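Protein sequences appear in the order of chains W and S.
Here my numbering is used: the first sequence runs in plain steps of one and ends on residue 503.
Here my numbering is used: the second sequence runs in plain steps of one and ends on residue 616.
Hints may be right or wrong, so weigh each one.
[Stated by the list, open to error] Computed list of lysine-lysine pairs in DSS-like fashion (alpha-carbon distance at most 30 Å, straight line):
1) S:K548 <-> W:K449
2) S:K603 <-> W:K449
3) W:K463 <-> S:K603
4) S:K507 <-> W:K449
5) S:K603 <-> S:K574
[To be verified] Facing chain W, a subset of chain S residues (Cβ under 7 Å, in silico):
6) Y537
7) S552
8) N569
9) G601
10) G607
[What the hints assert, rightly or not] The following label-pair restraints were derived from C-beta to C-beta distances:
11) W:E471 <-> S:S565: 40 to 50 Å
12) S:I513 <-> W:R469: 30 to 40 Å
13) W:S476 <-> S:G522: 39 to 49 Å
No wet-lab data here; the hints were simulated from the structure.
Computed from a prediction, not measured in an experiment: that's the story for all the values here.
Cβ coordinates follow ideal geometry from the N, Cα and C atoms, glycine included.
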Amino acid sequence: NAGVTQTPKFQVLKTGQSMTLQCAQDMNHNSMYWYRQDPGMGLRLIYYSASEGTTDKGEVPNGYNVSRLNKREFSLRLESAAPSQTSVYFCASSEVRQPQHFGDGTRLSIL
Amino acid sequence: KQEVTQIPAALSVPEGENLVLNCSFTDSAIYNLQWFRQDPGKGLTSLLLIQSSQREQTSGRLNASLDKSSGRSTLYIAASQPGDSATYLCAVEYGNKLVFGAGTILRVKS
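Based on the sequences and whatever the hints tell you, model everything.
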């Protein structure tokens, strides 16, 4: 019963380094999402993919890129990490108009 | 701008009490409204989803209502238990995206 799996769970980066956050779902969902969660601000959508082969910007896309590798996998890349990108990142998946299923998050600190 | 607001930001109640969490949204052109629970260090778990054409949904001790015209939803928790302690998030679906409130931190004291 894996659901949505995110790796890594924790990461510390230095300013300017790059990294890719991985997300995989085993529920055969068409839609996948990346959010960031900051204290007192709820979750904000970074990018989403309505189906395999498509991606669209959300509310806060600057500084990020995504790849929908196949139906199961949706990765988030930080090309040049900045301290403002310190956050908890969540991946989710769903079918249209159905509840989203979330991973346990990646806690990212950028020094 | 589509905004979702949750009141109160935090709530502490004794075990057994009935309680209400509030959610309001600025744009009433919604597809659905969802309530989630988040435990510390964990992801979100879906509790209830109310379609825009519905007025309420129930699951066990939870009841969520939706008044689209006034831009409001409430989550009612009956006979609260210490295990209900968590952050509760309201999210409104517009098009292909969810817009989240900042959440209500609930503590149920035994």
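Do the hints match the structure? See the list:
1. S:K548 <-> W:K449: 25 Å, holds
2. S:K603 <-> W:K449: 10 Å, holds
3. W:K463 <-> S:K603: Between K463 (chain W) and K603 (chain S) the Cα gap is close to 19 Å, so the pair holds against 30 Å.
4. S:K507 <-> W:K449: 16 Å, holds
5. S:K603 <-> S:K574: This hinted pair holds, its Cα atoms lying about 18 Å apart.
6. Y537: 6 Å, holds
7. S552: 4 Å, holds
8. N569: Constraint on N569 (chain S) not satisfied, violated at 17 Å.
9. G601: 10 Å, violated
10. G607: 6 Å, holds
11. W:E471 <-> S:S565: 40 to 50 Å: Given about 42 Å between the Cβ atoms, the range holds.
12. S:I513 <-> W:R469: 30 to 40 Å: 37 Å, holds
13. W:S476 <-> S:G522: 39 to 49 Å: 44 Å, holds
In this structure, the earlier hints numbered 8, 9 are contradicted, and the remaining ones agree with it.
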